[in-house]
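Asker: What follows is each chain in one-letter form.
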Amino acid sequence: MKSLSRRNPLLNSFLRISISLAATAILLAPAALSAQQDKPWERIPVTKLHDFKPQQPKRIELKNGIVIFLQEDHDLPFVSGSVLIPGGSRDESPAKAGLVGLYGQAWRTSGTAKMDGDSLDDLLEAKAAHIETEGDEDSTAVSWDSLKGDADQVFSLALDLLLHPKFSREKLELAQQQEATGIVRRNDDEGAIAERESVKLVYGVNSPYTRQPELATIGAVTLDDLQAWHDRTIGGKLIVGISGDFDPVAMEAKLRAAFEGLPQVKPEPPRHDIFPGPTPGVYFINKEDVNQSDVAIVGMGIDRHNPDVPTVAVMNEILGGGFSSRLFQKVRTELGLAYEVEGGVTFAYDHPGPLSAVVVTKSPSTVEATKATLAEIAGLTTKPFTEEELARAKDNLLTSFLFRYDTKDKVLAERERLEFYGYPADYLETYKAGLEKVTIADLEAAAKKYVHAEKLAVLVVGNGPEIKPGLDELKLGPVRPIDITIPQPGRPAAPGEKP
Amino acid sequence: MQSRLRTATLALGLAAMAFAGAAAAHAQDLKSFEQKITTKVLPNGLTLIVCERPDAPVFSYSTFIDAGDVNDPSGESGLAHMFEHLAFKGTSQIGTTDYAAEKVALAKVEAANAAYEAEYLKPVGRDPQKLGELKKAFLDAQTEAHKYVIPNQFTEIADRNGAEGLNAETGLDQTQYFWSMPENRLELWAYLESSRLADTVPREFYKERDVVIEERRMRTDSNPEGRLFEQFVATAYVAHPYGRSNIGWPSEVSQINATEAMEFHKKYYVGANIVVSVVGDVKASEAMPMLEKYFSRVPGGPKPEEMTTVEPKQFAEKTVVIRDPNQPIYMEGYHRPDYRDPDNAVYDAISDILSNGRVSRLYRSLVRDQQIAAVAEGVSPYPGEKYPGLFVFFAAPLPGHTPQEMRDAIHKEIEKLRSAEVTDEELAMYKTRARADLLRGLADSQGLANDLAEYQARYGDWRELFLQLDKVDKVTKADIRRVANQVFTASNRTEAWTETEAPTAPAQKTEAGNDGGAQ
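As they're listed, the protein sequences go chains G and Y.
When you line the first sequence up against my numbering, it's residues 1 to 499, in that order.
When you line the second sequence up against my numbering, it's residues 1001 to 1519, in that order.
None of these hints come from the bench; they were simulated from the model.
The C-beta atom is built at its ideal place from N, Cα and C for all residues, glycine as well.
Each pair of labels, with its calculated beta carbon distance range:
# : chain 1 : residue 1 : chain 2 : residue 2 : range
1 : Y       : Val1321   : G       : Gln488    : 25 to 35 Å
2 : Y       : Gly1300   : G       : Val249    : 55 to 65 Å
3 : Y       : Asp1408   : G       : Lys63     : 57 to 67 Å
4 : G       : Glu388    : Y       : Lys1147   : 12 to 22 Å
5 : G       : Gly281    : Y       : Val1321   : 33 to 43 Å
List of simulated lysine-lysine pairs, DSS-like, C-alpha gap at most 27 Å:
# : chain 1 : residue 1 : chain 2 : residue 2
6 : G       : Lys148    : Y       : Lys1471
7 : Y       : Lys1471   : G       : Lys127
8 : Y       : Lys1283   : G       : Lys48
Covered stretches of chain Y (in silico footprint by chain G; criterion: 3 or more residues with CB under 8 Å from a CB of chain G, positions within the stretch not fixed):
#  : region
9  : 1044 to 1058
10 : 1157 to 1167
11 : 1209 to 1221
12 : 1354 to 1361
Generate coordinates for the entire structure from the input sequences, incorporating the hints supplied.
Answerer: Here is the structure:
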């Protein structure tokens, strides 16, 4: 499953430069001043919401441990499905970093013994159907979709690909070329550099969550590696999800026939990751073809299992959720220093996410904008939360809560996610009840517990000669340059970081 | 709140009711939409569309203004986008503690800005001391006006009432505002949306202008692709405003003032220029009278005259080369007609056959077989569709390969389109995918709201969203070859690429000039 990512300017999004403003949600206005006379909008009745019970998918657990979800939706004549498989790039060998990414591409483009990938392309595209594979941080997946009339055939092809891929050398090489292109281009976009390198500061350069594919490590991946990865992960707890316009009885029978014969699933081995958090200080990466600094301020966040998550979610709303957040109000609206400014403590489902704030500002205002952003983070522990802020943050989160399950596909995706990470099926309800109960005292306690301004690392990616006043004005110790030179195969790997 | 450089096709993606029987049995054909959709044109000229979809207790809306940055007056590039940012700043009721006093204070800000700009722009004899005083007076006037502001109250009300995906986009052709909300806030939304359309107050204008300039730095100045796109279109067009930076040239966007933004509003935010669509758990019979009451507040007035500049026929091939430290990218473009052209669907077919997926010609040739590119596509229209745009090719070479190789390989594929017909399978695939894409798109209520408003505005009838299918079906192999021969000619071409070059001298300043406003 995807982990968070701020911006992902891939080349194939090339001309699609639609962009949204940073985010969604919250606010903090100087409400004290508002001697506003009349608020006509408060007289507009908010009626009782129409009754709504989101349709839950049917859950079927096979004897071998594989779990199936069926979500009927007869609005449109399509059927789509996916199989989610535990194990991802965090589990690959560091010497072969990038293996799972290559696997995710070459699996589909290679195809099966019965039908190679190119023939699959021809057959599927003529039907406006798709079968795709992907490799992520903690999982891989096969997914498919087609018109209802083609659903049986497309499912058979997807199942064949799931169980009997035939990895092709040519397609592995193609994937390696694509990956190499990404590697040599990874220092072109300032925002992508800031995102990547700031997460490395949090987790460490050799962490399974941040180590990056290099030309040498992707070059080391062989066909045997792909097959070995496939053989290993396909025995895990598969989660099968089907949605769309199908007959549930026939579909269940078909899926049982397909998956019941597979061996008993093996549990995932426990993980022993360590999360040291960043070494505090100021880090700098020079990029002289820009006129703006991309500043990332990072620390250690928390795991979604943490009972404080609802409180921290409310705190995030207050800090950096949207137009009304402290960061937006101060840095964008009041100071006019940035278009993009946001921040919060993130939570991943099975490991701590980073605490991070981002501000993007013209070179000369780098120090001013960084200070203002740091002050808002530190302010979580020093500037009292107000009842107004709390009410606003709760309204923002709770009134829009039903957009987490307003379509059948969203309900299905959520159930698959919860199943994958071992959360109870009613997690969203529990979480919502938790949000409702958050108090000012909770916020104060959470801020003390999780926000430690003195432990943060500040990474600036920008145009050194233009940054005046300089970063030493931040008074956070010596500025440490980070070397992001891309290692060339055959030469020793460049150190991730120089003191 | 962003400028959207539109890519491919409105029309690809659109067509189709009858999925050869499959869909005919379904609730998603034109006939079924005719039963679910109610439209009404108000006396002020504004068109309302309501599409009933009671699947969940929510609705999505889209407000489509038939004005974008092509309508920016000369010397004021970026104005439409700047106004869009202003439309989040509140009204005479929202965002102020005392509008009567604030109005007076805002007038003083405008006067102070005018005085400061006049001195700043003096070609000779600018008096630094006077300039400093005027700048201080300008800043003081803003501070005074700010006393009455309740910052971000408009979005605060929306967010607290469950707005999801709240945003706006300004393109060259149009401006769109949108979000989704729980259905029990429909009237509140109608109040908010009609208020900001009818009663915009230009508060905090000069701070917001700084924000927009930061947006420009992020999207264009500090982004290698952004820099290339801007230079590419600026070269491809000599007369039409499609060639102008839609976020605004730095010296222009930094001198836009609130008075100009409000003039733009007065001219273009009139009923006849606006379509508002709502899709969701809404009963038209109950909602329409309420919506009519609120949206009648939008001023009437004639539909503003269209921008009339026509790009002259290109007769000289043009080339742009950017040398910078980044990896190479190649693009080229050919002028094509606007979206109303009878061949519009033919362009979509060409784009689909060249670029859609791993079966596409450019993928198979440049990526799979020759192994010289990581990605290669051809799409249209760009940068807009309302006026004649470009058919654009782009490619990213693999390490060790050059932009020139991209160009030569793309030209070979173009030559194939010119010299031989596409196959029956390719054409059939385009038609099948166009229909399926239309149907798939219907699932998302926000997307549907956007499409309904856009088609209503562009064609005068939302049904065209479905009726495009007829045009898709009529595309022939001969059409594709004919259009390829018409359009893909050397004299109609602009090429642009980046070449990697390590920096030698101190970096070139990309920042431009006068910040004109307050810091």
